[in-house]
Amino acid sequence: MSEPISALNHASFDGIAKVEECGLQGMITLRGNLKDKVLIKAVKDAAGQKVPGQREALVDGDTGVCWMSPDELLVLVPYTEVEAKLSAMNNVLGGTHALAVNVSDARAVFRVSGASAREVMGKVAPVDFSTDMFQPGQIRRSRLAQVAGAFWMDDDQTFRVVCFRSAADYAFKLLKVAAQPGSEVGVY
Amino acid sequence: MLTLKCPFTGALLDETELNCGGEAHRKRFGPGSSDEDFETYMFTRENPRGVHFELWLHSYGIGKWFIAARDTETMEVYGTYPAQTTEPPQEVIDAINAKHPGWTWREFS
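Quick mapping for you: the protein sequence lines, in order, are chains A and B.
Position 15 of the first sequence, counted from 1, bears residue number 15 in my numbering, the numbering being contiguous throughout.
Position 100 of the second sequence, counted from 1, bears residue number 100 in my numbering, the numbering being contiguous throughout.
Next up, chain B with everything else stripped away, as it sits in the complex (with noise of 0.2 Å):
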């Protein structure tokens, strides 16, 4: 079960009331995109063993959305942080690196 801090209400937030909207991150890709990109955008997504990046919701709460640094592996949560946010911030990221020196996600490192 994970538990995970809302970054806008400082909460300790349980699973259970949240709602996970899938790989954050992402950039869109729509009308007038080639094909390759409409098709990375739709279809293509990270399914790490180890750090991955994820948007959650708070449905039963606040409403809002955020993002979650988390390992998959060992259930650990890296940092949260709101979801208006374009890359990780440094904190989440030297939390990564101190656990897993040499990490890669994405275009994130």
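Here chain A stands alone, though its shape is the one from the complex (with noise of 0.2 Å):
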């Protein structure tokens, strides 16, 4: 077997924020009845989460669950037991109306932290960042500048970023841009 490796490696960028790509990390994408027993029970297993609500995330390091849709969840696992969880969570969804796929090789994992984090996502996507209107726990999926990405808050002035691998190279030199010393726009 060949050595999984991420996107970028683990290249990272400092700047008015830290820009860093986080390395492999496990992701099941689940659709089905957020609301089926069986398909809350294959979660809670997985991941050791109950399954979140309307654009919660509940993320510790690299397992938890994000709400990506009514009826999809991302489920953050350990790389090296993604397989084992997936085969572990189909057998629990045995019959169940639902689909569970094995996408880490398919994604690219940014984190960027420091304090002007909030400034940096601003200038990239269309959201508002302030402290009342984006919080930790709380996951949104839009588009960083031309690519679409997730994103979630693991602590006041940290974010995961979430994209495809094939556009990592364009998300973080997007992110390095955005995070330029002395860019500080002092919105946020």
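Please keep in mind that the hints were generated in silico from the structure rather than gathered at the bench.
Fair warning: there could be bad hints in the mix.
[Said to hold, decoys possible] SDA-like, lysine to any residue: derived pairs with alpha carbons at most 20 Å apart: (1) B:K5 x A:G122; (2) A:K123 x A:G15; (3) B:K64 x A:V147.
Values in this document were obtained by computation on a predicted structure and should not be read as measured data.
Take the two lone chains and join them into the complex the hints point to.
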């Protein structure tokens, strides 16, 4: 087996915020009826979390669950455990009308951290990042300039950004430019 | 610039993360329909100055369609609701009535 490597292999940049590629992250896309008891149990077993409510992200480190749409969840597990977690999840789901797929290698994950993290994100996404509108525990799917992306906050100064792996280079360069030293706007 | 509230996520979406799908509440006329019905379905569109119903897709997000009732002149948004809805919900109609008493749009008023 060849050694798996993430899109940008932990590239990082220090500016008004620190931009890092987080490396490999296990991700399972789960679609189905989010109120279904079997699905709720499958999520609990895999990530140790309840099914999140609307726009909620229940993430602790590299494990957690994010609400992606009324019928879709993103289950985060450590990269090395993703195959085992996925087959366990499929066992629990059994004949339930649901679909779980390993999408780990189709994605790239970034961390944007620092006092100006909100500023950096505010430059690339058409979202209100003021503290009363966007807080840790919330997830938003939107665009990062010209590519689709999802992001949530791990704490008040740290964003985690997910995009397609094929757009990883673009997203990293974009965040790098947005985090250039001296480029604070002073809005957030 | 429009800001539409997504009926599925409750988030305020910017026009730039959406795609407009044209006129809403169209009835499809396919094979076997009369030429007049097919022509209307295919080519005839409302182009009002005022109340309008449009399909919107959150293409940079959850990928679901919804319908927005808005004013093409003032850019005011009266409400949004899922695309799986055959007629505007009462609260949207009420919101339009409050601003435009006596409005009509195709078969709705």
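* Asked: Hint by hint, which ones does this structure get wrong, listed from lowest number up?
  -> Per hint list: zero violations.
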